[in-house]
Amino acid sequence: MDGLNEFTIDDDRSFSRLVDKYKERILLVALRIVRNKDEAKDLAQEAFASAYRSRSSFRGESGFYTWVYKIVVNLAINYIKRNRDRQAESIDSVFSPVLQAADPDPVETAELAKVISKSIENLPPRQRTVFVLRHYEEKPYAQIAELLSITEGAAKANYFQAIQKLKHSLAPYIKEGNLIK
Amino acid sequence: MKCARIRLMIDDHIKNNLSPSDAAAVDHHIRSCPECAAELASHEALLSLLHTEPDSQLSREDLADFLPGVWQKIESRRRASIRQRVFKFVPAVAAALIFSMIFLRPSLNVTDHQAGISDVDSSSLLASYNELLVTFLGSEDSEYVEAVAAEVFAPSYTLSGDDLDYYLQQIGDEDLKLIDEKLDQLLGKAG
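Heads up: the protein sequence lines correspond to chains A and B, in order.
Taking our numbering, the leading residue of the first sequence gets 10, the next gets one more, and so forth.
Taking our numbering, the leading residue of the second sequence gets 3, the next gets one more, and so forth.
Any given hint might turn out to be false.
To be verified - No more than 27 Å apart at the CA atoms, straight line, and that leaves these computed lysine-lysine pairs for BS3-like: (1) Lys75/B <-> Lys79/A; (2) Lys176/A <-> Lys148/A; (3) Lys165/A <-> Lys17/B.
To be verified - A few chain A residues facing chain B, derived, Cβ under 10 Å: (4) Lys32; (5) Leu36; (6) Lys50; (7) Phe57; (8) Lys176; (9) Ile183.
Honestly, the hints are just simulated from the structure, not real lab data.
All residues carry an ideal CB built from backbone N, CA and C; glycine is no exception.
Produce the entire structure from the sequences given, and follow the hints as far as they go.
Spelled out as structure tokens, the structure:
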């Protein structure tokens, strides 16, 4: 069970059990959005603490996991909004496109991962969050819309815009049908 | 269908999330629209590139101290909330503070009162204090009362003469009367 029956008010042991059950999934979505392990952990813990503090507003129809998930996603988007300037970094400062012509090896693969990560970090906060929820978390648009309190159409549009920007920023590394190696 | 709508469906088309009729409509459109066909190809290429990025990984160490951290945040926020409420100078809480400072903090220089209770058993004094605090806070939530008490008796908490004067000014007649009665009871027990 994921719902209210698992967690009764003032039952701290039940709460701890739920934290242990869901901590990995909650921490993972935070990490996928903010892309910093320490910050992700802080946000994930904050999400559980917020859930505990507002337990009186717990709605029966909303599962505990879904509830904490929504909190952590919104904490994460607020975090990247606050830290956008600090995180913004040129892709060229991370990875030189000249490496694209070399044979793939573990070092290059790691470098390419950095480029991709940096491209995602450079997306506007809402597009970045929608992209993560769609691409990595494989959430349907309707659920993304509910999580971020936007319309389903806005969720689709944000994802589409994110894809277009990633195509542009990663253009040196891709060609249709194949990666440039 | 128009190109704009088709392009919003391309991602679902690649991931086989479309209904058979929508998928057929997208396929039909793409066969006759080079721009949307190019969009589909570049979208597929991007997804292929993105899949080369390893997914975020968590280690056992990342999760080991997770739960204590959650409880630390809960306790931290609880203390801040209590402190905020205590320092709002709600008359009832101020009255409880006065009481606690006078009778339970030996460092406070209120010698007359201290002399009067010097022989009071500490456990009965604390029980009386908690009873008073419950009355003033209007709450029988023992966790909350204990937390307020812990805040009041925190080693870092100090009460200046100005604070004391301020608290005294905040106490209403009814609360003063209640304090008076409680003090009589307590000192009676002591005697």
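Right, here's what the structure says about each hint:
1. Taking the CA atoms of Lys75/B and Lys79/A, the gap is about 19 Å. The hint holds against a cut of 27 Å.
2. Proximity of Lys176/A to Lys148/A is assessed by CA-CA distance (about 21 Å); at most 27 Å being required, the pair is judged to hold.
3. The suggested pairing of Lys165/A with Lys17/B holds, with an alpha-carbon distance near 15 Å, which does not exceed 27 Å.
4. Taking 10 Å as the C-beta contact cut-off toward chain B, the hint placing Lys32/A at the interface holds, the least distance being around 5 Å.
5. Hint status for Leu36/A relative to chain B: holds, with the closest Cβ pair at about 6 Å, below 10 Å.
6. Evaluation of the Lys50/A hint against chain B yields a held restraint, the C-beta minimum of about 7 Å falling below 10 Å.
7. A cut of 10 Å between beta carbons decides the hint on Phe57/A: the least distance to chain B is about 5 Å, and the hint holds.
8. With its C-beta approaching chain B no nearer than about 5 Å, Lys176/A sits inside the 10 Å limit, and its interface hint holds.
9. The restraint placing Ile183/A at the interface with chain B holds, with a minimum CB-CB distance near 5 Å, inside the 10 Å limit.
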